[in-house]
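Sequence order for the protein chains is A and B.
Read in order, the letters of the first sequence correspond to residues 1 to 533 in this note's numbering.
Read in order, the letters of the second sequence correspond to residues 1 to 122 in this note's numbering.
Quick caveat, the hints were computed from the structure, so don't treat them as lab data.
Each hint should be verified, as a subset may be incorrect.
[Said to hold, decoys possible] Pairwise CB distance ranges, derived in the manner of DEER restraints:
no. : chain 1 : residue 1 : chain 2 : residue 2 : range
1   : B       : A122      : A       : S219      : 23 to 33 angstroms
2   : B       : D12       : A       : R341      : 12 to 22 angstroms
3   : B       : D90       : A       : R341      : 19 to 29 angstroms
4   : B       : D12       : A       : R329      : 18 to 28 angstroms
5   : B       : D90       : A       : E259      : 23 to 33 angstroms
6   : B       : T41       : A       : R425      : 29 to 39 angstroms
7   : B       : D90       : A       : I382      : 25 to 35 angstroms
8   : B       : D90       : A       : N491      : 11 to 21 angstroms
[Claimed, not checked] Computed, partial: chain A to chain B, Cβ under 8 angstroms:
no. : residue
9   : T178
10  : A179
11  : H300
12  : T307
13  : S312
14  : G314
15  : S318
16  : A320
Using N, Cα and C, we set each Cβ at its ideal position, and we do this for glycine too.
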Amino acid sequence: MATGWYATADTLLPPSLLDIGPIMGAIAISGLVPVLFVKKNLNGGKSRTSEIAMAERFANLKSSTLINVVDAENRMTEVNDEMLAFTGYTRDQLIGQPVRMLYGPTGYQTADTIRRGLAEGKIWQGDTPLVCSDGSVRVTQTTVMPLFDGEGNWSGSISVRNDLAKNEAFLSGKINSTALHELRDSIWMVDVQTEHFHYMNRAALDWMGLGGGSYDRLSLDDIQTKMDISPLISAYHAVRDKGREDVQCNLVLKGMQFEVSVKRVAIDDQNDQILFVFQDISNRVEKEQMKAEFVSTVSHELRSPLTSIKGSMGLLLSNAAGELPEKARGLLEIAHRNAERLVLIINDILDLEKIVAGGMEFERVPTDLSDLINEAVLSSSINSQRFDVTIETVGTEEPVEVHTDPNRTIQVLTNLLSNACKFSRPNGKIIVSLTQQQGRLRVSVKDHGQGIPARDKHKIFERFADMTNSDRASKGGTGLGLSICKAIVENMGGDIGFESQEGVGTTFYFCLPTEEAVVYHTENAQPGLRDAG
Amino acid sequence: MIKLLHVEDDADIREIAKMSLELTGDFEVVQCNSGQEALDTVPSFTPDVILLDMMMPGMTGKETLEHLRKIDALKETPAIFMTARAQNADVEEFRAVGAVEVICKPFDPMSLAEQIKTAMNA
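Modelling step: build the complete structure from the supplied sequences, incorporating the hints.
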């Protein structure tokens, strides 16, 4: 059932609008809901024709407003074109028909309720469902006002309606655009065709010094002449010309640091826009720098006392201060081993912080990946002997040249090999393979150990997540190795992962993108991609 | 006997370095706790190699070396930096100011002498 409310016309009428007309005092269209104020017969009677003429004039005020007029018998005497378009009826099908036909059987009660109120001179306002010619029911937001003849007698009513679905969509759009405008992040929308600004929100206008809001004549070129936005332009071209969906870039403008997301937004066939969302990360960057500096300082400060501790123990163990009793030597070896471990942890923390803060520089130099693998295997021989395992290589017989950072790649390889050694069974075999799959270089390190329990798989690349603390102490790990590997590989544009089966073993792998890689046989020295076969 | 000038503000580290170098019997070690003390010492002691801590209060290792290089007898003397901050970029910077080697802290006292000899001959 439709709901609504009544108000007497006199109480609603603003004084300034009293003289607008003899029947209708005023019509105020709020932008969403038409609110009609009706004044009863203030200046004497007027003809019914003039009432209809007035209704038609109001109909023109807002073309999406649906209007119908009924007589004292509640039969429709006028409907506007919007009403016909909305319901699907022709004018002939409606004129002369009781208005309740539009309400359908379920709306009869509503129609009667409205009618009773109107007879008492009250306005009704509320939602009414209208039954369309195809049987569908569409809800309208409706205001119904009584009409009176020259003698002050009730002569019918006029209903003004709005499509509720459209209103809600409009309202929702308005809320969205208001929210967008008030957002703390800066927003630009640039027209792909003209490269002129289509929109800037308040935050963007403020920091760009365009408080007056005059951005519509500005283009990206205009901005470029005033400030260095080259990373933004590169991202813009990547999205516009290369079809990239969403490109991120960092930018420093007017002393502020922004992380910018650049995205294509096709509003409709005519409106193809590039959306720029600027997130001010100045505070975040400053805090991260402070944190990185703190971690760095603390770590370095720890190194000086550690130098003395480790150095003293080293000298004692080498009998620099004389022969040690066997028990004292055993205890000193434990202390020395743990001091070594502390140094490794500090180094790993520093490495990780540096990578995360973007402070680690990565080289891109032509490097033989096969050679790097063989070097990493050689430098892992101490570990392989300690844990009594053998390491085999596959696919490293020929040079495979790749543009990468050799030191960092070795760091990843030795980390993965160190893990494989620690988690292999005695007499176990580790296989390091180099292949090319789907145009990517893939290096895998396979062990035949216990495998990773299913419950731990999701956190394997998290810090200190690879094993319990007691495991770490006994095996000599820091708990940061895999996090560092992940950070390094991702910084080199690659990805890292693993496959593991409990009781069977684990294979860790990393892939390097071929965009960064040129692989060739050195025999003919001709650049060209090689498939794994 | 290799005459070595060691400049380091941490007394414990000085002690460990002196003990580890003198154990070999190949080094005559003179130690200073600051860059200024090193500048005061060199007129009476001309080293074959200079071992410098990088981070010291007052004059840093780098600044100390710059001052030492102004003395004719020390213009070509091999200099080795010791530092707890040894990232790749730092190492490049140290080498650019005349370091022949950069030794990271914590160092291994048992191989320190060998590291220094290798750097001197490089």
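TODO: Have a go at the H300 of chain A hint: is there a Cβ in chain B nearer than 8 angstroms to its own Cβ?
DONE: holds, 4 angstroms
- [ ] With respect to the beta-carbon atoms only, verify the hint that D12 of chain B and R329 of chain A lie 18 to 28 angstroms apart.
- [x] holds, 22 angstroms
Open item on the list: Taking the Cβ atom of D90 of chain B and the Cβ atom of I382 of chain A, is their distance within the range 25 to 35 angstroms?
Closed with: For I382 of chain A against D90 of chain B, whose Cβ atoms are near 27 angstroms apart, the range 25 to 35 angstroms holds.
- [ ] Using the beta carbons of D90 of chain B and N491 of chain A, state whether their distance is inside 11 to 21 angstroms or not.
- [x] holds, 20 angstroms
TODO: For the range 29 to 39 angstroms, tell me whether the beta carbons of T41 of chain B and R425 of chain A fit it or not.
DONE: violated, 59 angstroms
Open item on the list: Does the beta carbon distance between D90 of chain B and R341 of chain A stay inside 19 to 29 angstroms, or does it fall outside?
Closed with: For R341 of chain A against D90 of chain B, whose Cβ atoms are near 24 angstroms apart, the range 19 to 29 angstroms holds.
Task: Hint check: 8 angstroms Cβ-Cβ cutoff, T178 of chain A to chain B - done: Violated, about 49 angstroms.
Open item on the list: Given the hint of 12 to 22 angstroms, is the C-beta distance from D12 of chain B to R341 of chain A inside that range or not?
Closed with: Roughly 21 angstroms apart at Cβ, these two residues keep to the hinted range, so it holds.
- [ ] Confirm or reject the claim that A122 of chain B and S219 of chain A have a C-beta distance inside 23 to 33 angstroms.
- [x] violated, 59 angstroms
Task: Agreement of hint S312 of chain A with chain B interface, Cβ distance less than 8 angstroms - done: holds, 6 angstroms
Open item on the list: Min Cβ distance, T307 of chain A to chain B: is it shorter than 8 angstroms?
Closed with: OK, holds: T307 of chain A within 8 angstroms of chain B, min 4 angstroms.
Open item on the list: Range first: 23 to 33 angstroms. Now tell me if the beta carbons of D90 of chain B and E259 of chain A are that far apart.
Closed with: holds, 29 angstroms
Hints 1, 6, 9 and 10 from the list above are not met by this structure, while the remaining hints are.
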